[in-house]
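K.L.:
Here are the chains, one letter per residue:
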Amino acid sequence: GNSVTQMEGPVTLSEEAFLTINCTYTATGYPSLFWYVQYPGEGLQLLLKATKADDKGSNKGFEATYRKETTSFHLEKGSVQVSDSAVYFCALQNTGTASKLTFGTGTRLQVTL
Amino acid sequence: EAGVAQSPRYKIIEKRQSVAFWCNPISGHATLYWYQQILGQGPKLLIQFQNNGVVDDSQLPKDRFSAERLKGVDSTLKIQPAKLEDSAVYLCASSSGTSGRTDTQYFGPGTRLTVL
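The listed protein sequences correspond, in order, to chains A and B.
Under the numbering used here, the final residue of the first sequence carries the number 113; numbering is consecutive throughout.
Under the numbering used here, the final residue of the second sequence carries the number 229; numbering is consecutive throughout.
Some hints here could point you the wrong way.
What the hints assert, rightly or not - List of simulated lysine-lysine pairs, BS3-like, C-alpha gap at most 27 Å:
(1) B:Lys-128 to B:Lys-184
(2) B:Lys-157 to A:Lys-49
(3) B:Lys-157 to B:Lys-196
(4) B:Lys-184 to B:Lys-124
(5) A:Lys-68 to A:Lys-49
(6) A:Lys-68 to B:Lys-124
(7) B:Lys-157 to A:Lys-52
(8) A:Lys-56 to B:Lys-157
(9) A:Lys-56 to A:Lys-68
(10) A:Lys-52 to A:Lys-68
(11) B:Lys-175 to B:Lys-191
(12) B:Lys-124 to B:Lys-157
Hints were generated in silico from the structure; no laboratory data involved.
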């Protein structure tokens with residue numbers, strides 16, 4: 001079956017530090033991959049996505065590259081801000097329309113001044 | 114464009130009581146999902162509707178949970194009777210259901226349920 005494994009948090013960084021949150025997956029076929037973010041008190045928001053191997057998703061300074069050979073989709077940002085403090089979820093979706101998302105357990109990021 | 118609406122935002126009940134949650138998806142979205150997010154875990158799909166038909170309810174505890182989407186628009190999720198382990202955030206999401214390669218899901222703010 002499908003599964004997503006994320007690095008455990010919390011991750012605590014100083015402002016302007018480099019961020020990496022690891023994500024690996026197990027899936028049949030060629031899934032689409034996503035990063036969602038959940039800010040305190042808010043719902044899940046799509047951060048970025050990639051639909052095929054070697055695609056790079058990017059948004060708000062965050063990037064992730066779909067690596068089929070290592071079944072990974074690591075999230076990176078070159079310089080984090082306090083406002084990036086949130087919980088980040090990696091997720092996959094099987095090909096085809098209207099398929100459910102399979103989520104990882106989430107990684108909490110805390111950025112301090 | 115209005116997002117996914119959910120109500121109530123918070124609910125506290127005692128075990129064995131009943132509770133219902135409501136979701137109104139983005140206008141025109143054919144697919145509607147209910148996810149359960151237990152504290153410290155990622156969301157888990159409970160049920161998926163395509164218009165007013167059920168696509169996937171394999172993870173729905175059918176002895177106590179029920180859901181409907183009678184007119185293919187808004188949806189209600191009910192728990193009867195509630196157990197302590199049902200304490201979670203219930204997330205509703207919708208998607209257009211028409212994309213060929215991938216179908217982005219948009220989430221509502223969720224309903225936080227506490228069962229005492």
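K.L.:
Against this structure, judge whether each hint is valid.
P.N.:
Now the hints, each set against the structure:
1. B:Lys-128 to B:Lys-184: This hinted pair is violated, its Cα atoms lying about 31 Å apart.
2. B:Lys-157 to A:Lys-49: 19 Å, holds
3. B:Lys-157 to B:Lys-196: 18 Å, holds
4. B:Lys-184 to B:Lys-124: 26 Å, holds
5. A:Lys-68 to A:Lys-49: Roughly 14 Å separates the two Cα atoms, so the pair holds.
6. A:Lys-68 to B:Lys-124: 42 Å, violated
7. B:Lys-157 to A:Lys-52: 24 Å, holds
8. A:Lys-56 to B:Lys-157: 26 Å, holds
9. A:Lys-56 to A:Lys-68: Roughly 12 Å between the alpha carbons, so the hint for Lys-56 of chain A and Lys-68 of chain A holds.
10. A:Lys-52 to A:Lys-68: Holds, at about 8 Å.
11. B:Lys-175 to B:Lys-191: Answer holds: Lys-175 of chain B to Lys-191 of chain B is near 10 Å, not above 27 Å.
12. B:Lys-124 to B:Lys-157: Roughly 20 Å between the alpha carbons, so the hint for Lys-124 of chain B and Lys-157 of chain B holds.
Hint compliance for this structure: hints 1 and 6 are broken, all remaining hints hold.
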